[in-house]
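Engineer: For the protein sequence lines, the chains are A and B, in the order given.
For the first sequence, position 117 matches number 161 in the working numbering, and the numbering has no gaps at all.
For the second sequence, position 31 matches number 75 in the working numbering, and the numbering has no gaps at all.
What the hints contain is simulated information worked out from the structure, not anything from laboratory work.
No experiment lies behind these values; they were computed from the predicted model shown.
Keep in mind that the hints are not guaranteed to be accurate.
Which copy is meant is left open, because identical chains are indistinguishable; a pair holds if it fits in one copy or across any two.
Said to hold, decoys possible - Straight-line Cα separation of at most 25 Å, DSS-like style, residue types lysine-lysine; simulated pairs:
#1 321 x 358
#2 204 x 139
#3 320 x 358
#4 50 x 450
#5 454 x 50
#6 238 x 372
#7 296 x 190
#8 200 x 297
#9 207 x 50
#10 454 x 61
#11 204 x 50
#12 204 x 58
#13 204 x 73
#14 296 x 394
#15 204 x 385
#16 46 x 238
#17 204 x 46
#18 372 x 46
#19 297 x 190
Here's the letter readout for the chains.
Number of protein chains: 2
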Amino acid sequence: MKILFKNARILTMKDDKIIEGCLVVTDSKISYVGPKLQTGFFDQVIDCDGNLLLPGFKNAHTHSAMTFLRSKADDSSLHDWLFNEIFPREANLHKGCIRELSKVALLEYLSSGITAVLDQYFFPQEFIDTCNDFGFRSVSLGMYDKDSRPVDEVLKIMNKANKPNSLATMVIGMHSEYTGTDEMFKATEVLLNKTNSPFYTHLSETISEVEDCKSRRGVTPMEFFDSLHFFDNGGAIFHGVYLSDNDIDIIKKHDVTVVSNPSSNMKLASGIAEIKKLLDRGVRVALGTDGPASNNALDMFREMYLVTGLQKLKNMDPVSIPAFEVLKMATVNGAYAMGLKECDTLEEGKLADLIMIDLSRPSMQPINNIINNLVYSGGKDCVKLTMINGRILYRDGQFFVGEDIKEIYKKVQLLTEELNQIK
Amino acid sequence: MKILFKNARILTMKDDKIIEGCLVVTDSKISYVGPKLQTGFFDQVIDCDGNLLLPGFKNAHTHSAMTFLRSKADDSSLHDWLFNEIFPREANLHKGCIRELSKVALLEYLSSGITAVLDQYFFPQEFIDTCNDFGFRSVSLGMYDKDSRPVDEVLKIMNKANKPNSLATMVIGMHSEYTGTDEMFKATEVLLNKTNSPFYTHLSETISEVEDCKSRRGVTPMEFFDSLHFFDNGGAIFHGVYLSDNDIDIIKKHDVTVVSNPSSNMKLASGIAEIKKLLDRGVRVALGTDGPASNNALDMFREMYLVTGLQKLKNMDPVSIPAFEVLKMATVNGAYAMGLKECDTLEEGKLADLIMIDLSRPSMQPINNIINNLVYSGGKDCVKLTMINGRILYRDGQFFVGEDIKEIYKKVQLLTEELNQIK
Chain A
45 MKILFKNARI LTMKDDKIIE GCLVVTDSKI SYVGPKLQTG FFDQVIDCDG NLLLPGFKNA
105 HTHSAMTFLR SKADDSSLHD WLFNEIFPRE ANLHKGCIRE LSKVALLEYL SSGITAVLDQ
165 YFFPQEFIDT CNDFGFRSVS LGMYDKDSRP VDEVLKIMNK ANKPNSLATM VIGMHSEYTG
225 TDEMFKATEV LLNKTNSPFY THLSETISEV EDCKSRRGVT PMEFFDSLHF FDNGGAIFHG
285 VYLSDNDIDI IKKHDVTVVS NPSSNMKLAS GIAEIKKLLD RGVRVALGTD GPASNNALDM
345 FREMYLVTGL QKLKNMDPVS IPAFEVLKMA TVNGAYAMGL KECDTLEEGK LADLIMIDLS
405 RPSMQPINNI INNLVYSGGK DCVKLTMING RILYRDGQFF VGEDIKEIYK KVQLLTEELN
465 QIK
Chain B
45 MKILFKNARI LTMKDDKIIE GCLVVTDSKI SYVGPKLQTG FFDQVIDCDG NLLLPGFKNA
105 HTHSAMTFLR SKADDSSLHD WLFNEIFPRE ANLHKGCIRE LSKVALLEYL SSGITAVLDQ
165 YFFPQEFIDT CNDFGFRSVS LGMYDKDSRP VDEVLKIMNK ANKPNSLATM VIGMHSEYTG
225 TDEMFKATEV LLNKTNSPFY THLSETISEV EDCKSRRGVT PMEFFDSLHF FDNGGAIFHG
285 VYLSDNDIDI IKKHDVTVVS NPSSNMKLAS GIAEIKKLLD RGVRVALGTD GPASNNALDM
345 FREMYLVTGL QKLKNMDPVS IPAFEVLKMA TVNGAYAMGL KECDTLEEGK LADLIMIDLS
405 RPSMQPINNI INNLVYSGGK DCVKLTMING RILYRDGQFF VGEDIKEIYK KVQLLTEELN
465 QIK
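Whenever a hint applies, use it, and build me the whole structure from the sequences.
Structural biologist: Structure, rendered in structure tokens:
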């Protein structure tokens, strides 16, 4: 299968230059990017009409199947939200509903130009199967659970996923320090030693999380995990709103990525992460939407706008975080954090995970600076095409995932009404 | 011309109930809203397929023709931005370019479900003509200018605009206290006395604006305008980020609306307005996008999300500002501030300024709470149809404004390149 994109503007994300020319996809990979018009036989020729190709966005922190909780408990206090709204409803979750609930999220990712997610939730095998069926690229967290996922079960799912050319991979993580038990830390240590995986966890999302850890253990959550050597193979932390200078030293020492979730941190009133400080210290920052219960949209344009906008406010300085830095967070940095180095830029030999931005949307006009247009005025309505692994899964508002979208919505609505009954 | 919308969900904004039924538009007005299936002859029948009708958004503060400055000077300090980037380029503006530059903004408004704007910029007659040609509803600020708009000229434009059934109206305003001269205050007083117009101005956008006014005049900008009796017929202030308790008393006394521009205030690092406090004090709050140089998108979904999100952060309280309050700001409160009381809700006899939201977008699914879905996960991709004064101007991504969109973009690109040459 050979697809030619012609008359394109191309932002490869190797740098901030925009090439005018062609891009060729052969099967799952990019086989040409450059100014020369390509000739020969193609199965499909797409005239981009001057529209922009760039790498797909990498959503480096999410909980996809939480769609059933979207708009269910907004405008509540964090404690009420978690203990009275979220946890009792999550207790109703069963294996059979993860596939349908995740599909709504996958559709939204495609509509926002997201070509891969790092997902963390219950029943990861079901999530992986759903992504594979859709043709969506996923990285899932393998997390120990005494009842449903003992060490052997996590290793089994991981071995099944991590095959060459697989759309799915699994890495090792934990929910957080504050939900961890000694048994869980021990099991996670075993998993990390057996797999040499990088490590992923929620970390320092709220001030009380950090303070509680300090009074319990005498150290910050980052210092605690460092003492366990969990980050010795790198990885990422989710949120990182409240990090000490020593935390940042540890992050740098182990080449850990901070995955920021500005929208979720805003909506739950957790705070504004110190992104400018992290960048000044040379820390790699990526972006995530978090789940649909806390954000509520699954939209990388929102995260891009907020990660720079909120820094301008926090530092009372409109210079904070230029647009190209933000675009790097949403693409190459996310890919690095997720172990997807073959999906980070548009170059020959890389995997064909790319999107086309419709520059004829009024928010993309006029063209003073395409990168700034994307970051400061872009939105889902500008996403004209989303391709993953060489397959077009979304184009001109239509989804090509092999299923009837209305049927998915019907099933999810029924599940949502069932799961949201608090017993 | 009679149009039937059937199989609709309808949020009238009289309250937060959602009706399932029909809406009929006869010429420019709504002639039926309710659950009964309407029969008889219709020029057009639109099957809404369960999608949502609600009043169009009212963008209560913008500078439409600034599209040429979009993405031109982002990530600059406020002083650099204004004095080295914006003002020198605005000096290049001439009457002949306002029409084209405004058109790009009008297209973006339509794509975001905005059916009326309160615009403030140079050459208002050109802006009014453009809106009228497109069929777009506008309120323009008539502002005195010694050279281009003496008192008689403002009155002439205003008399021409303010006719019964006109799509355009004009009200009286000033740019701000800090750019005002004695001569301008005098002329504005004359204009207000001759027209009995409410009064509109930028006010207390930055801390330095307030402090400078206090050291110059011994009072806040609000106190200063109150001493001139400019708000005696009500009106609105734009921004209102730094308001004293006495300012709020004056605002309440004169039934003034505070038009908040959360995105612009964030991007220019001006601060976060005290919206929760204003609401607690019973002040009416509306929303505006501000212009495309400072925001940069012209998107009411962004403003709705931010006005509640930023309050949650400012007050460190996720309860701050429920979704329905936000939706009122974007619709009925904006209409009140703009003097558009016939366009505020969907009721028989009201003007047919309405939008249809596509509930089959993944961000609108599942349906736990439609209002929360709109405010917390809505975006331009959810706007299926925009109708103004009974005419459909936007549907399924296409614009029906009587002009070739690509031709508009071409002309605006040339103008943008010409105007952005700093001499």
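Engineer: Would you mind marking each hint as holding or not holding in the structure?
Structural biologist: Evaluated hints:
1. 321 x 358: Classified as both; 11 Å inside a copy, 21 Å across copies.
2. 204 x 139: within (18 Å within a copy, 67 Å between copies)
3. 320 x 358: Classified as both: same-chain Cα gap 9 Å, cross-chain 19 Å, threshold 25 Å.
4. 50 x 450: Close across copies (19 Å), not inside one copy (33 Å); limit 25 Å.
5. 454 x 50: between (39 Å within a copy, 21 Å between copies)
6. 238 x 372: Result: close neither inside a copy nor across copies, 32 Å intra and 56 Å inter.
7. 296 x 190: Neither. Shortest intra-copy (32 Å) and inter-copy (60 Å) distances fail the 25 Å Cα cut-off.
8. 200 x 297: neither (31 Å within a copy, 70 Å between copies)
9. 207 x 50: Answer is neither; intra-copy 33 Å and inter-copy 52 Å both fail.
10. 454 x 61: between (44 Å within a copy, 23 Å between copies)
11. 204 x 50: Neither: 38 Å inside a chain and 50 Å across chains, both beyond 25 Å.
12. 204 x 58: Cα proximity of residue 204 and residue 58: none, with 33 Å in one copy and 55 Å across.
13. 204 x 73: Close inside one copy (23 Å), not across copies (62 Å); limit 25 Å.
14. 296 x 394: Classified as neither; 27 Å inside a copy, 61 Å across copies.
15. 204 x 385: within (21 Å within a copy, 63 Å between copies)
16. 46 x 238: neither (40 Å within a copy, 71 Å between copies)
17. 204 x 46: Result: close neither inside a copy nor across copies, 29 Å intra and 61 Å inter.
18. 372 x 46: neither (28 Å within a copy, 51 Å between copies)
19. 297 x 190: Intra 32 Å, inter 64 Å, cutoff 25 Å: neither.
Hint check: violations occur at hints 6, 7, 8, 9, 11, 12, 14, 16, 17, 18, 19; the rest are consistent with the structure.
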